[in-house]
Amino acid sequence: MDFNIFLQLVINGLLVGGVYGLMSLGINLVWGVMGVINLAHGDLIMAAGFLVFSLFSRWHMNPMLLLPVGMAMTFLVGMLSQRFLLGRLPQDRGAIKTSLLMTFGISYVVINTAQLLWGNEFQTVTFFSGSWSLGELEFAKARTVAFLAASAITAALWLFLHGTRYGRAIRAVSQNRDGAAVCGVDQGRVQVASFGLGAGLAGAAGVLLVMIFAISPAMGSGYTIRSFAVTVIGGLGSFPGALLGAMILGLAEVFTGYMVSAQIANGVAFILFLVVLLLFPQGLSGVFRR
Amino acid sequence: MKIWSPVSLAAGLLLVIALPFFASDYLVGFFFSTFIFVTLAYGWNLISGYTGYLSFGQISFFGLGAYTLSIAVFRFHWPWPFGVLAGGALAAVLAAPLGWLMLRLRGPYFALGMLGFVQVLSMIASAWSSVTGGGEGLYLPPTASLRPLYYTAAATVFIGMGITWAIERSAFGLRLQGIREDELAAEAMGVDTTRAKMAAFVVSAVFPAVAGGLYAWRLSYIDPASAFPGNYEIQSILMTIFGGAGTILGPLLGGVALSVAGEVIWARFAELHLLLVGSLIILVLLFMPEGMIPLIRRTLARRRSRVPRSPARKEAR
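Chains as they are written, first to last, in the working numbering: chain S, 1445 to 1734; chain R, 8 to 324.
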């Protein structure tokens, strides 16, 4: 392989990896706080992407201005689902299973709603076309903008979780539920907030992804698996781990897509997920911590 | 009255056998697809209902069965029943190593792992076009008659019921339920949990594979989208939890009730189908988490015991 092509692929992979990191942080957060994976995560990503696509095709606005709209929509859906559906399930030993099943149900509601509103076709937002070049290397504008936005949101999330009372309450619950409760943290509210936040991050990722790739409502579960795989690779509750996992997945997909085929690249997340779970059950960050 | 009785079983069997003699092709076709769903539901019930390992990927074995039949018929000109059996056998052979890998994962890990496995199989089906026909799919010779398919599907349902019944009454069934309730405790009691889980997984993989083979032969066409239909997965899960997960009759009751309801009501709202299925899952989990069968059983037991509503309870309030 030509060295320039190699560098170009690395750049493409890292740029997409930034967005993958953002979307996986949503699943990471919810999992840490509630011990549940939101199986509708990928479908919310698609829904936000489509919402912004439809607004964009009507007004031709800069999609970055529509980013808050996509985030707000999924944030609301997430909060309402936790408040009125998941929060009402009995918290017994089977709680994780019933919650998983319920998010599976929610995922199909989201898919069908998206299909009804926006159709079943592949769509993409072509606002940032072309690329900036640096020597022989090309930085596709859409990917670069998406990467920068994802990094900014990731940084803001880190500041929120570490610097504010609310963020610290969320982290406290995910570290030790009972301990947090003893210190006066209202668990119900934390769960509603973090589920909403997780969904909001999915929404943000959806808006950024629709600028890079063509998406369709039926593609959601692929992104749920990607987000989960990144979390597994990086280890639960670890920010650097999530970013490292996202970069690994982004690179692996880009290289597989170039060397084998784009179809096979879709399965890379699953393979990585299995390999990491079998070799390092704690995730890669667990390896470094040792 | 009991739910289980030789009389009701014989009556049901007779009705199923007699149906094609007086019913229209449309009705027979409807019951054929109902049986496909019920078979899927029985498969899911074993691994998720009894053993408690939530799988969102049993449809991968459905696709495997569908492709096995199609390739056996299309490339090797086998008679279709052998294709269906080959699909079931292949699913069992594949499920053993897969189960060995996946069943060490628990909760969300297993659920997501199986969801990913569907994607991998459907990716292989699209990419390996010299065998599977890729995205264009394979066209099979159109089926002449529906009756043999109908009877095969009905027999599969009865076998599914019989196996579930036998498992529920066996020590093996108790082991599975022990794993569902508390895997660590079951292991501490000396249950070889890995072996029990793997056995349940293998059996639960055969059902969808057989259903997939029958479905492909009826459709006489197969491509990745029709071999791995996500909506079949969610519908069979809904049918199982609606009827009662971890019960012998739950998948049958849920499958038949929801198929009839689907045909009568939902067929008019085809566009809303997934929305309705998803919402129903949510409603069942909120308001009837045990499903129909336990409810019916409790109602019948109350009626049989004929204890008048105890006045003590009223006083206690």
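Read the hints as simulated data drawn from the structure, not as lab findings. Glycine is no exception: its CB is placed at the ideal position from the N, C-alpha and C atoms. Fair warning: there could be bad hints in the mix.
[Claimed, not checked] Listing some non-contacts, in silico: residues in chain R with all C-beta distances to chain S over 12 angstroms:
id, residue
1, 29
2, 101
3, 103
4, 111
5, 115
6, 142
7, 293
[What the hints assert, rightly or not] Ranges of calculated distance between the beta carbons of each label pair, as one might list FRET restraints:
id, chain 1, residue 1, chain 2, residue 2, range
8, S, 1520, R, 306, 50 to 60 angstroms
9, S, 1658, R, 36, 32 to 42 angstroms
10, S, 1520, R, 302, 55 to 65 angstroms
11, S, 1722, R, 191, 47 to 57 angstroms
12, R, 191, S, 1603, 36 to 46 angstroms
13, S, 1520, R, 143, 19 to 29 angstroms
14, S, 1538, R, 138, 35 to 45 angstroms
15, R, 310, S, 1632, 24 to 34 angstroms
16, R, 19, S, 1534, 26 to 36 angstroms
[Said to hold, decoys possible] In silico contact screen, one side only, chain S against chain R (beta carbon under 7 angstroms); selected entries:
id, residue
17, 1703
18, 1706
19, 1707
| said: Just to be sure I understand the hint, the distance between the Cβ atoms of residue 19 of chain R and residue 1534 of chain S should be within 26 to 36 angstroms; is that true here? | reply: Since residue 19 of chain R and residue 1534 of chain S have Cβ atoms about 34 angstroms apart, the given range 26 to 36 angstroms holds.
| Beyond 12 angstroms from chain S, beta-carbon-wise, is residue 142 of chain R? | Given that some Cβ of chain S is not farther than 12 angstroms from that of residue 142 of chain R, nearest at about 9 angstroms, it is violated.
| task | Check the non-interface label on residue 115 of chain R: least C-beta distance to chain S beyond 12 angstroms or not. | result | 4 angstroms, violated
| Taking the closest pair, is the beta carbon of residue 101 of chain R still more than 12 angstroms from chain S? | 15 angstroms, holds
| Taking the minimum C-beta separation from residue 293 of chain R to chain S, is that value above 12 angstroms? | For residue 293 of chain R, whose nearest Cβ neighbour in chain S is about 6 angstroms away, the distance does not exceed 12 angstroms, so it is violated.
| Honestly, do residue 191 of chain R and residue 1603 of chain S meet the 36 to 46 angstroms range at C-beta? | 40 angstroms, holds
| message | Does residue 29 of chain R clear chain S by more than 12 angstroms, comparing its Cβ with all Cβ atoms of that chain? | response | Residue 29 of chain R is indeed farther than 12 angstroms from all Cβ atoms of chain S, at 37 angstroms.
| query | Could one say that the CB atoms of residue 1520 of chain S and residue 302 of chain R fall in the range 55 to 65 angstroms? | reply | 35 angstroms, violated
| Taking the beta carbons of residue 1520 of chain S and residue 143 of chain R, is their distance inside 19 to 29 angstroms? | 42 angstroms, violated
| field | Hint check: 7 angstroms Cβ-Cβ cutoff, residue 1703 of chain S to chain R | value | 14 angstroms, violated
| task | With respect to the beta-carbon atoms only, verify the hint that residue 1538 of chain S and residue 138 of chain R lie 35 to 45 angstroms apart. | result | With Cβ atoms ~42 angstroms apart, the hint holds.
| So does residue 310 of chain R sit 24 to 34 angstroms from residue 1632 of chain S, Cβ to Cβ? | 40 angstroms, violated
This entry does not satisfy hints 4, 5, 6, 7, 8, 10, 11, 13, 15, 17, 18, going by the numbered hints stated previously.
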